[in-house]
Structure formats: structure tokens, C-alpha cells
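**Q** Could you build all of it, start to finish, from the sequences and the hints given here?
Quick note, the sequence shown lines up with residues 61 to 693 if you use the working numbering.
Calculated from the structure, these hints are not laboratory results. Careful: at least some of the hints might be erroneous.
[What the hints assert, rightly or not] In the EDC-like style, the derived pairs of lysine to aspartate or glutamate whose C-alpha atoms are separated by at most 16 angstroms in a straight line are:
#: 1; residue 1: Lys369; residue 2: Asp505
#: 2; residue 1: Lys369; residue 2: Glu512
#: 3; residue 1: Lys516; residue 2: Glu257
#: 4; residue 1: Lys516; residue 2: Asp385
#: 5; residue 1: Lys516; residue 2: Glu386
#: 6; residue 1: Lys369; residue 2: Glu510
#: 7; residue 1: Lys530; residue 2: Glu257
#: 8; residue 1: Lys530; residue 2: Glu542
#: 9; residue 1: Lys516; residue 2: Asp532
#: 10; residue 1: Lys287; residue 2: Glu257
#: 11; residue 1: Lys678; residue 2: Glu661
[Said to hold, decoys possible] Now the in silico label distances, taken between C-beta atoms and shown as ranges:
#: 12; residue 1: Ala311; residue 2: Arg392; range: 46 to 54 angstroms
#: 13; residue 1: Glu486; residue 2: Arg344; range: 43 to 51 angstroms
#: 14; residue 1: Gln339; residue 2: Asp142; range: 48 to 56 angstroms
#: 15; residue 1: Pro147; residue 2: Thr460; range: 29 to 37 angstroms
#: 16; residue 1: Arg602; residue 2: Thr668; range: 22 to 30 angstroms
#: 17; residue 1: Thr256; residue 2: Pro388; range: 30 to 38 angstroms
#: 18; residue 1: Asp407; residue 2: Ala311; range: 43 to 51 angstroms
#: 19; residue 1: Thr208; residue 2: Arg155; range: 30 to 38 angstroms
#: 20; residue 1: Thr460; residue 2: Trp526; range: 50 to 58 angstroms
#: 21; residue 1: Gly116; residue 2: Gly340; range: 32 to 40 angstroms
#: 22; residue 1: Glu512; residue 2: Pro457; range: 48 to 56 angstroms
#: 23; residue 1: Ala311; residue 2: Arg144; range: 49 to 57 angstroms
#: 24; residue 1: Asn426; residue 2: Pro147; range: 19 to 27 angstroms
Every residue, glycine too, gets a C-beta built ideally from N, C-alpha and C.
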Amino acid sequence: MQKQGTWGGALALLCCAAAGAHNVQHLSQVPIGILQRWTDKHAVHTIPHQSPAHMGAFLLDIGWQSVALSSLLAVQHFNNRDGRFVPAFSSPEMRACDKNWTLTGLVDTQSSSLVATRHIVRWFDEHASHPHVIVGPARSSEAGAVATVASAQNVPVISYWATAPELSSSPRFPNFMRTIPCDRGSAFAVCSFWATEMHFSAGAVVYAHDAYGDGFKSVLRHLCVEKFGMRIQTFEVDGFTEDAVASPIAALVAVGMNVVHVIATGLEVVCVIEAAVAQGALRRHPTSLWTLTDGISASDLGLLSIAAKDAIDGSVRIAAQGANDENPLWQRFVQEWSTFTPPPYSDRLPANWSTSESVFSDFDINASSIGRDIATFMYDAVAAAGFLACRAAPQGPLPTTFGANFYEARRNWSFDGLTGSVSFDENGDRVVASGTWSLSNVLLDAATNEFELVLKAVFDGGRWVWRAGKRDLVYNYRSTDEPVDQLQPPSPPPSPPPPPPAGDKFLLLLIVAAVAAAILFCYFVTRSTLKLRTVSHRFGIRPLQLLRMFARRRGLCIICRLRRYFSFCFRSTSHLATQKASISLEFSLQGHEQLRALFREYTNGEDTMSMQQWLRFKRESQKEDDETVAVRE
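**A** See the structure below:
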């Protein structure tokens, strides 16, 4: 009897073991790759005083470590069907699913699309273990490159932070999805804040020349102009060096725009702000209003200089909202954060970071903008991947159409997560209606010299809801004065005088001709006067009398020439050739031989006496020095 009982117990244990072995054998491990952002390769050139901290790149702060740990927690919670933060994990449907994640790739993209592409190419070269689902990457430029390569392998990609509108194109990026809303929602929120809340009519956009900046800029300009009737000017920054940033900021200063939205990430924003302060684009008077995106965190702003911190204090940050304090799932996640133990694979994170234990015990994820607005989207991206994998292949090995089935399973489906209700539209984008956007004042704590983001309003359902019931903002330089959107343009330079009309041109020519004639007249008068004085001195005749004689003789010559021209002067030419001195003198000479002899003496035997001979006669014989009297006689 005892022996029979022993064999019965052994048989029962064997059956249980066989059942357990059967369950383990049928548990399907699905390879997943997670592209994370631990470092920024370009930051080494952006802020050269910072030394590379990990693999030749700038190590990002503890906020990004919380993003990495959140993704690993989501893998762990899915595999354990732990529904504390995503209730559907523990649903009957999910418990019936035999899929678990196995992490075959956990890598840092270094914020570079080239590095991200190299990683996935290497994954696909390892055919036996390449990921069947990829979560990440963070940046839009990386996501576009990764989605293009992954689509060739029919591998779905779910991003947690790539927001560029161009990624919504299913033909270009098939099997691409994202848990963070597209930038169309963010752009609409910015335009609504400018036009509806602040009553601005103009604004400027300074943007990075990449997939994120170009796409956000285009949709923001379109919405602000078409929907709100604003004037928008854009300024492109191509490369974040001191020289590359200086030129667009100088152009911004030149047009006097005072309301500016900066579309860039992290240390790129730091470069823009430093240049704006140096060139006077961030103004105290009149008050400026600069708005930032979720691309900048409070810890990033800590890298600013003292002057730049003073200027950016009071700016506004508008971002897609990940965590909502009214979401009970987020509240529970925050409450239990300090109780978490390092999840599997956390030992693969950079050794230069804090230990995972210290992050859970010391880091306040609820106070971190990166933790609230990025780590939450990461957690939900891993959760969405788990749900869709189970919907695509609930039991058994993965079919050859797993990628297509995975993407198709997104339709008419949603779940509740850390970011609220998560669902996807036909393009793989998060449904806009499920997204909200937060507006926070960026304020500098004088005691700690650190920035904090103070939530002021939420954009939900197409309108702004202010937490205080009204707008209670401060602006740049912590000013309470209402900002103006654009400085008064300087007075235009005076226009050149209009060209004179045709009549004025003719009059001007006449004046010039008259002046020239007057100059020539003065020249000839002066020359003639000098010559007249010379002749007068030589013959002893006064200049005025000599001039009269000259005028009379010239006048007779002119009259004669005119008569000759008209054939009238032949009869009088000899008579006019020489003027007689006096008719009375000619009669008195008759009968007086003595006078005749004197007459012939002065006329050289001629019958007539010229004026010069007469004057000579009066001067020598009559002692008459007065030429006027002599001529009158």
C-alpha cells in the first residue's frame, strides 16, 4: 500500500512536470529590438567644452536613463502579464496568448540616423535572431531611415518620440506606427495659443534643417496662415555651430520679430538661445515671447550661460502631453517607481550612468519633463507592440505574414496606458483625439539655479483650458508686461526725387545755355575793354568816345552789307564809305586858299576829312582837348 502510494505520487509529479514542460515548449519567444537614445553624437561639436562621456558621444542625463528603464519595465510587465499599469496585460485574451518578448537588440543610436541604420542592417544580417518588431528610434530623421530599411524585411516599427508629419505616409513608410501624436497637433496648439489666447498677428519660426524641423515648420506655417490668418516668417538653421546659427538669428533681428517658436532638440536649442541673447533677439523691452517644444527639457536648459538663463526665464513650452496627473495608471506608476527593482537587461545600459537602483530610489520621474513626456510614450510603445503581436499571432510560431498581420491588427483597437487611451489611425499615427498638449512656463529657481516646468494649461479638444481659470503667464526675462509680436518697422528711407517732366528739362537746358552765353559775353566784354584801353592810350582818345566811333563805323558796315545782300547798297556805297567831318566846314572851305592848304595838310590831299583827321586837327590847330565838343562840332 505504501509502495502503491509512492508510485501514485511519482506519477502525479511526472504528469505535472510534463504539463509544465508542455507549457514551456509552447511559449513562443518573439525577438524584439529597442533603439534607444543614450547619447548625442553631435553634441560634442555643439558644446565643445563638454567631454564625450560614452563611446565617443555626449552622455545624456538621468531623464533619458528613466526612458531606457521604462522600456525594460514594459518588456518585463508584458512577459509577466502584469496589469498594474496597463490593465489589458492581465486580460483573458493576453493570458491566452503564448507570445513573450526576448530582447535581441538593445542599442544606442547616438541621436544619429546613420548609426541607427547601421544597427538594424547588422540585425538583419543575423537572420536567425533578427528582431521581428522594432521599438524606436527617438528622432524623426532616424525613424525615417529605420522604417525604410525595416519595411524591406516586412518588420513593423513603433516609435515613441518621432513626430515628423512626413512619417504619416503609409506608401513611403509601411508598417510604421507611433504612440506620440504627430506634429500637426502640436502646430495647431501653437497657432491657437498665438492667435486665440495672445491675439498675435505675426510670429517667427527658427527651425533645425532636418526631418523634425522641416516638417514641423511647414505644417505650423500652413495652419497659422490658413486657419488663423497670421503672418509667419521662418529662419532655417543648417548645422548647430556658432557660425551656422549666427546668420539666421541676425536675419531674425533684422525683421524685428518678437514672438518666436524654436523647433529643435536638446543642445541645438541651447545654441539658438545663446545666439539670440548675444545678438539681442531676446528682448526685455518690448517683452519677447519665445516658445519651445518637447525637444528641450529643463535639464538641457541648465547648460545655458547665466545671461541666457536670465533671458529664457519665463518662456513657454508647448509639448505633447504624456503623463496626465488625472490618469490613475500614471499615478500608480509614480507611486510604485521607488519600489521597482532593476528589470532584465538593465545591465546593458551605459556604466557611466547612475545605477538602476539609485534611479528608482532617488529620481523623481513625476517631476521630470523627460520622464513624464517621453518615458511614458516609450512604455506604451512596448505595450502596444505586445498587444499587436498577440493579435497578429495569438498561438504558435510566427507566420510569414507576421509583419503585415501586426500592422493590420492596429485597426479598431485601443488600450489604456500611461499616456491615456492609445489607438492608431489608418496611417499608423496616434489618433489625434486621444492626444493632449501641455503649456508650461519655463521658470528658473533662484535657490537651485535650475529650471522647472510649471504647468499652466492643457490643449484638449481644440481649446486651451487654463488651470487657474485664466491666463496667468510670465514672459521672457520673467516679465509681466504683455509681449508684442513684432517691433515697429523703421521708417523707410526717403524716396529719390521724381524725374523732371519734359518741359522742365527744356527749361533746364535754356538756363544752362543762358549761363554759358553770359560767361562768353563777359569774356568778350572784358577782352574788348582791355583792347579798347590799349588803343585809347595809343591815340590819346578816351575809351568811351573810341567805342562810339567803332560802333558807328561797324553799324554802317552792317547796314551796307544788308543793303548789298538785298541789292540796294550800290548807289550809296561810295557815299557811306567815308563820313565827312562837317558839311558847314566843306562850304566854308570854298574861296579860302589858306584854309584849303590847311585842310589838305590834314587830309593828305583828299577831298574829305575822316573823323580821326578831324580830331587831330582840333587837337593840334584848335587846341581843343575835349573830344566831345570836337565831335559835336
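**Q** If a hint holds in the structure, say so; if it does not, say that too.
**A** Status of each hint after checking the structure:
no. : hint                                : verdict
1   : Lys369 / Asp505                     : holds, 11 angstroms
2   : Lys369 / Glu512                     : holds, 12 angstroms
3   : Lys516 / Glu257                     : holds, 13 angstroms
4   : Lys516 / Asp385                     : holds, 13 angstroms
5   : Lys516 / Glu386                     : holds, 15 angstroms
6   : Lys369 / Glu510                     : holds, 9 angstroms
7   : Lys530 / Glu257                     : holds, 10 angstroms
8   : Lys530 / Glu542                     : holds, 15 angstroms
9   : Lys516 / Asp532                     : holds, 7 angstroms
10  : Lys287 / Glu257                     : holds, 15 angstroms
11  : Lys678 / Glu661                     : holds, 13 angstroms
12  : Ala311 / Arg392: 46 to 54 angstroms : holds, 49 angstroms
13  : Glu486 / Arg344: 43 to 51 angstroms : holds, 49 angstroms
14  : Gln339 / Asp142: 48 to 56 angstroms : holds, 53 angstroms
15  : Pro147 / Thr460: 29 to 37 angstroms : holds, 32 angstroms
16  : Arg602 / Thr668: 22 to 30 angstroms : holds, 24 angstroms
17  : Thr256 / Pro388: 30 to 38 angstroms : holds, 31 angstroms
18  : Asp407 / Ala311: 43 to 51 angstroms : holds, 49 angstroms
19  : Thr208 / Arg155: 30 to 38 angstroms : holds, 36 angstroms
20  : Thr460 / Trp526: 50 to 58 angstroms : holds, 53 angstroms
21  : Gly116 / Gly340: 32 to 40 angstroms : holds, 36 angstroms
22  : Glu512 / Pro457: 48 to 56 angstroms : holds, 51 angstroms
23  : Ala311 / Arg144: 49 to 57 angstroms : holds, 52 angstroms
24  : Asn426 / Pro147: 19 to 27 angstroms : holds, 21 angstroms
Of the numbered hints listed earlier, not one is contradicted by the structure.
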